[in-house]
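Position 218, counted from 1, in the sequence shown is what the UniProt record's numbering calls 218; the numbers after and before it change by one each time, with no gaps.
Hint data in this document are derived by calculation from the structure and do not stem from the laboratory. Fair warning: this is a prediction, and the values are worked out from it, not measured in the lab. Please note: incorrect hints may appear among the correct ones.
Straight line, CA to CA, 20 Å or less: simulated DMTMM-like cross-link-like pairs of lysine to aspartate or glutamate [stated by the list, open to error]: (1) Lys29 / Glu40; (2) Lys61 / Glu34; (3) Lys171 / Glu186; (4) Lys176 / Glu86; (5) Lys57 / Asp156.
So the derived label-pair ranges between C-beta atoms look like this [as the list claims (entries may be wrong)]: (6) Glu24 / Val144: 26 to 34 Å; (7) Lys176 / His153: 33 to 41 Å; (8) Arg148 / Lys16: 31 to 39 Å; (9) Glu151 / Leu30: 21 to 29 Å; (10) Thr120 / Glu86: 20 to 28 Å; (11) Pro114 / Gly154: 24 to 32 Å; (12) Lys165 / Arg9: 41 to 49 Å; (13) Thr155 / Thr2: 51 to 59 Å; (14) Leu13 / His153: 42 to 50 Å; (15) Asn32 / Arg148: 38 to 46 Å; (16) Ser152 / Leu30: 41 to 49 Å.
Here a beta-carbon is modelled for each residue, glycine too, at the ideal position from N, C-alpha and C.
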Amino acid sequence: STPYNSAVRALALEYKSLQEEPVEGFRVKLLNEENLFEWEVAIFGPPDTLYQGGYFKAHMKFPPDYPYSPPSIRFLTKVWHPNVYENGDLCISILHPPVDDPQSGELPCERWNPTQNVRTILLSVISLLNEPNTFSPANVDASVMYRRWRESHGTDNEYPNIIRKQALAAKAEAEKEGIIVPTTLEDYCIKPNLKTTSQEPQLDMTDFYDDDYDLETEDDDQQSDESDYADGDDSGNGET
């Protein structure tokens, strides 16, 4: 079994697991039902946080040797946050390769390793939204604004005002798509994939890992897929 075949199987199983038991506050779907390596992730802003009522979309892209290398995440929705670059790339320790780099301020154990998965990534993302890492910010202006807000004990409201404005705009976009955004903790804890006004087609995941799935054909395409991945940007994997 090649790394590419292993990635296909791992992603098929993870995707199936997330459809059956979603992470609270998240929806995931494939951008293309024939491609397991690119996902659309939607994040519901947690109640009682600055992001309450928001619906933030992101693109998650997996490398051909996943889970030995981390995926990347790029927000498609505008997000003002110390750890999100202007182009939407997310900078978070768990998505950084496990190299020893004392200058980064990150411990090797905080970085990616093959025991991590999409579920642990999503939980880390929601934690980072509420508790930004200002040690090495991707957005310096947002980091300065966030620290000013925290140090003022809430009297300097420039940072939360921007976040709430973005959350409201994102909620309006969600409503256009027929997405019901949870605004209470009770609704937030309900499986998010069920909180839509329209039913999405169910993907038969056996297509990806049963005997009919031609992994040898996938092997033939591995080089081109790896090239496509390399040619793209290194979303979320850059050091800060």
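Hints, verified against the model:
1. Of the pairs offered as hints, the one joining lysine 29 and glutamate 40 holds, with about 5 Å between alpha carbons and a cut-off of 20 Å not exceeded.
2. Annotation: proposed proximity of lysine 61 to glutamate 34 holds, straight-line Cα distance about 14 Å (limit 20 Å).
3. Distance check on the hinted pair: lysine 171 and glutamate 186 sit about 18 Å apart at the alpha-carbon level, within 20 Å; holds.
4. Straight-line distance between C-alpha atoms of lysine 176 and glutamate 86 comes to about 25 Å, which puts the hinted pair past the 20 Å bound.
5. In summary, the hint linking lysine 57 to aspartate 156 is not supported, as the alpha carbons are separated by about 28 Å, beyond the 20 Å threshold.
6. The supplied range of 26 to 34 Å is met by glutamate 24 and valine 144, whose beta-carbon atoms lie about 31 Å from each other.
7. Take lysine 176 and histidine 153: their Cβ atoms lie about 37 Å apart, and the range 33 to 41 Å holds.
8. Taking 31 to 39 Å as the suggested C-beta distance range, the pair arginine 148 and lysine 16 does not conform, at roughly 44 Å.
9. Checked against the hint of 21 to 29 Å, the pair glutamate 151 and leucine 30 fails, with Cβ atoms roughly 43 Å apart.
10. The supplied range of 20 to 28 Å is met by threonine 120 and glutamate 86, whose beta-carbon atoms lie about 27 Å from each other.
11. For proline 114 and glycine 154, the Cβ-Cβ distance of about 41 Å falls outside the hinted range of 24 to 32 Å, so the restraint is violated.
12. Taking 41 to 49 Å as the suggested C-beta distance range, the pair lysine 165 and arginine 9 conforms, at roughly 43 Å.
13. For threonine 155 paired with threonine 2, a C-beta distance near 57 Å keeps the hint of 51 to 59 Å intact.
14. Against the hinted window of 42 to 50 Å, the Cβ-Cβ separation of leucine 13 and histidine 153 comes to about 46 Å, which satisfies the hint.
15. Distance hint check: the CB atoms of asparagine 32 and arginine 148 are about 43 Å apart, consistent with the given range 38 to 46 Å.
16. Judged by the Cβ atoms, the range 41 to 49 Å given for serine 152 and leucine 30 holds: they are separated by roughly 43 Å.
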